[in-house]
Structure formats: structure tokens, C-alpha cells
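Peer 1: Sequence lines, in order, name chains A and B.
Residue 1 is where the first sequence starts when you use this note's numbering, and the numbers rise one by one after that.
Residue 1 is where the second sequence starts when you use this note's numbering, and the numbers rise one by one after that.
Take these hints with a grain of salt, some might be off.
With the Cβ distance kept under 8 Å, some of the chain B side facing chain A (calculated, not the full set) [as the list claims (entries may be wrong)]:
(1) R43
(2) R46
(3) Y91
(4) R95
(5) M102
(6) R104
(7) R113
(8) T118
(9) D122
(10) Y125
(11) L126
(12) T129
Residues from chain A that face chain B, not an exhaustive set, calculated with beta carbons under 8 Å [claimed, not checked]:
(13) E23
(14) V26
(15) A27
(16) V32
(17) T33
(18) A34
(19) V35
(20) D36
(21) A37
(22) A39
(23) A41
(24) T45
(25) E61
(26) G62
(27) I97
(28) T98
No wet-lab data here; the hints were simulated from the structure.
Glycine residues also receive a C-beta, built at the ideal position from the N, C-alpha and C atoms.
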Amino acid sequence: MSQLERVMEGLHRRTAEGRLKWEPTVAEGQFVTAVDAIAVAIQETKWPRPKGCRLEILDEEGRLAEVLDHGNTSADQYEALERLYAEARRSALSSQITLEKLAKALEA
Amino acid sequence: MLRDMDALLANTGSWASISGAAISTVGLIATIIVAWGARSASRAARTAAIAANNSIERHLQAIDLERAIGLIQRIKLLHDTGRWEAAMEQYQALRMMLSDIMARCSEDQSETRQGLATARADIRYLEDTVGESIGNAIDASTRSRFNRRLNNVQSVLEELASTMGFGDQLGETK
Chain A
1 MSQLERVMEG LHRRTAEGRL KWEPTVAEGQ FVTAVDAIAV AIQETKWPRP
51 KGCRLEILDE EGRLAEVLDH GNTSADQYEA LERLYAEARR SALSSQITLE
101 KLAKALEA
Chain B
1 MLRDMDALLA NTGSWASISG AAISTVGLIA TIIVAWGARS ASRAARTAAI
51 AANNSIERHL QAIDLERAIG LIQRIKLLHD TGRWEAAMEQ YQALRMMLSD
101 IMARCSEDQS ETRQGLATAR ADIRYLEDTV GESIGNAIDA STRSRFNRRL
151 NNVQSVLEEL ASTMGFGDQL GETK
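Using the sequences and the hints given, assemble the complete structure.
Peer 2: So, in C-alpha cells, the structure goes:
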């Protein structure tokens, strides 16, 4: 397993276990989390069409250390990236969904 | 008579050897106890020094967090008055401040580092988004979205500060 695959597997596992909480950033369709001092951001992109996604890793100093997208990943890796985006989105928006449900319940 | 004397001397020699060995053993045990005590005292002193150092670092972190929260308040004011270029300069200052707080984190503050790293990334993306929007007119709803993110970062910093035991003082800066 390559280093990238280990990182992706770790992010998937921790997100699924609820140990990694993603949060929406101010940018539309972008979510961020951190493992110790290393931040990870995943966002929806317009490329490849109709929608793609891109992962950015910021090092301990907050500098951009790695970018993963359609251009530099294998088909399997990119598929894993898309799955991670869906999980991150779900994790980030879960509290928002709860609020919406509560608002609907109160309206009824 | 001489034989008796020889036997007596021989026995005396044996007793002297035995008592000598016993005294040496007692001395050795006493030395070990004293050395162990000194080692424990040295360890205790070192633990106390580490605890004092951690306490100072946390106090400094709390002061830095208070400054960062104050800066967020200023940035929100810059947003409200549409001074975007000035806000751009402050984002960088805020990120550097968060990096300084992270650098002060001890090994056992992994969750604090995680919260700060997320906040710093959040500010970075806010900076990017504002930078892209500066040429265009930023409407009230977008400004409100920017401030909501800042409020979120502020909440994280306040929560971190409260875990350091300075929450009440920081609460006043809201």
C-alpha cells in the first residue's frame, strides 16, 4: 500500500468512525479537518466535468504540502477521493441536517 | 595456651570478618536508600519543573488566544465596514498568531493542535475567498457568511481557552 493509499484509508476510516469531524469552510463545497497539526481540505471542483474533487494537505506550518486531484491520481485513488468527499460532506452537514429536521418538526 | 590464643585470634578474625561484612552490607543498603531518595527527589524536582513550564506555556497560550479572539473581532469590524484590503492583512496576522499558539502546544495537547490547525486552514480559505471577491461588490449576505465562519473560528478558540482555565477572562472579550 502506497503512502497516499494509507493516508486515504486512514481518512476514510476515521471519518466513518466519527473520529474525524469535517467542517464547512467559507468556500462553497469545501470541507476541512485536521489530524494533529496537519489540516486536510477537500472540495468540489468543476473539473473533470460535470463535477470533480480535490484534496489539499496543509503541513504543520499551514503551508500547502500536497494536492491530490484527477490529474495526479490513479482511477482507484480518485474513486477513493470522491468517496471521501461524500463522507466529509455528510460529516460536515450532519449538524445542519439535524437543525433542518428540528425546524421542520417545530413547524408541524 | 598459645593454641588457645591462636583459636581465639582465629575466631576473632572470623567475627571481625562477619561483622565487617554486615557493616558493609548495612552501609551499602543505606547508600542505596539515600541514592534512591536523591533520585526520587531529582525526579520530583524535574516533574515539578515540567509542570511549572507547562503551566507557563498554557498561560502564554491563553494570552495569545485572547489576542487572536480580539483580532477576529477587529476583522469582523473591517468586514462590516467593507475594508477588505485591511482585512486581508489581518488574516495573515491571525494565521501567524495561531501558528505561534500551536508551537507552544505540549505533546499531550493533540486535540488543541487539531482545533487550531482547522481554524488556521479555515482562515486561509477565507483569505482566498475574500481575495477572489475583492474586485466584485461583496453583498451583505456574503459578508454575513464570512462573519459566520469567523464566529465559528472564534468559538473554537474560546473553547480552547476555556480548557486552559482562562475561559472567564476570555468570555469578556466577546
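Peer 1: Are there hints from earlier that the structure breaks, and if so, what are their numbers?
Peer 2: 1, 2, 3, 6, 24, 27, 28
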